[in-house]
Structures are given as C-alpha cells and as structure tokens.
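**Q** The sequence shown begins at 696 in our numbering and counts up one residue at a time.
Please keep in mind that the hints were generated in silico from the structure rather than gathered at the bench.
Glycine included, every Cβ here is placed at the ideal spot set by N, Cα and C.
Take every hint as true, because none was put in to throw you off.
Pairwise CB distance ranges (calculated):
1. Leu-864 <-> Arg-802: 17 to 25 Å
2. Thr-742 <-> Pro-863: 39 to 47 Å
3. Trp-735 <-> Glu-856: 51 to 59 Å
4. Pro-795 <-> Gly-914: 15 to 23 Å
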Amino acid sequence: MAFFHNPQARQPFLRIPVALTLLLAALIAAHALRVFGPAWLSNAILTNCALVPARYDPAWLAAHAVDAGSWIEQALPFVGYAFVHANWEHLGLNCIWLLPFGTAVARRLGPTLFLLLFLICAIAGAALHIAVYWGSESPVIGASAAVSGMMGAAFRMMLTEPGEALAPLLSRRILIWSVVWLGMNLVAGVLGLGTDQRVQIVAWEAHMGGYFAGLLLIGPLDALRRRHNAPTAA
696 MAFFHNPQAR QPFLRIPVAL TLLLAALIAA HALRVFGPAW LSNAILTNCA LVPARYDPAW
756 LAAHAVDAGS WIEQALPFVG YAFVHANWEH LGLNCIWLLP FGTAVARRLG PTLFLLLFLI
816 CAIAGAALHI AVYWGSESPV IGASAAVSGM MGAAFRMMLT EPGEALAPLL SRRILIWSVV
876 WLGMNLVAGV LGLGTDQRVQ IVAWEAHMGG YFAGLLLIGP LDALRRRHNA PTAA
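Generate the whole structure from the sequences, applying the supplied hints.
**A** Below you can see the structure in the form of structure tokens.
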C-alpha cells in the first residue's frame, strides 16, 4: 500500500516549462521596453511591429504614396504584433490564458516545437486577419491569436478517449469546444470588446486563425516529436 503514498508520484498542478517561462519573459520584457523606454522607441515598436493590413494592399500603398519597406520589414509584423500589447491588463490576460494551455503543449512537444507552434499560430492569425480586413488602416496587437493556437492544440491533447494520442479533429468533443470558442469570439467581435478607433486588441478573426492552426498542426508536430524520440536500433 505504500505505493499509493509515494511522494514522487505527486506532481504540482502547474509546473511551468523553461520554454514557456522564457516566452512569458519575452512578452513582459517587450511590453516593459515599450512602456518605460523613450517615446521614439515606443513609436518605433508600434510602427514596425503592429499588424496593419493596409501595408500589404498595393492599391492602398499607391494611393497614399507609401513604401511597403523591405521584405524583412513586411514580414516582421506577422510575428512582432504578438509581442506588443496595449497595456499591462492586456498583457496580463494573455499571459494568464497562456499559462495552462502553453504548459500542456510545451510539456508534450518540447521547447523547440512548442515555440515553433506559437509563432506559426501568430502568423496564421495575422494572415487571416489581413485577408478579412484587406486594406484596413487599423493596427492589431497582442498575443491572443498565438494563445488561441495553444488552446486549440491543448484541446486535442486533453479531450482524448482511452487509447487516443490526440482527440480526432472531427470528434464530437472537439467540434463542441470549437463551436463554443467561435461563439465567444463572435460575441466579442460584435460587441467590439477591446477595440477603439486607433488599435484593435481583440480581433476575433485572428483568434480563429491561430486556434485552427493549433488544432491542425498539433497532429503532425506531435508525430514529429514521437519520431524524433523513438529509440533507434543499434
């Protein structure tokens, strides 16, 4: 009976992986740099990192005589916007959501694939937002699209039946949770929660782009992780 009292079998509720700790530190450091740095630095971060759909519309660029910049300058916002937040509350909310879902994904995939998935989900959210709001001048900031991707990936890991590595994409469990998440984001979008005339911090289309990227990509990334960790014959 001593087996049932083995202290080594007891795990803490939330043990933050190193990769997630570094990611959270980067998000906090980026916001602190913008808030506490000089005004020119804050403006430069917003100008270069915020996601503005209009900068990818040739017609808008020509009409306003604006140079789109180098390919690096055009690519940077697809990831950079995830590291820019409106205020400490915005940052804190994203970090709180990232903690449980990011912990589950980081433990499963390991640091490299976890960070890769985070960035891909941010890019997917950015791409969908640009497609929906083609030519819009309103910038979008925040890590919520990437955090939504962690949620989608974690759902497939957590909502499993015995014998399943991941919950099937079209399983009833995943479909129900996806509809619930979509509904929550639609309500936020209709009510305009987290938006104003200058910047959008809640862009539900970006959330869904990140969410579905996480939902889809956790499968191949988990398979890649298992192949990499599989023992090889001597």
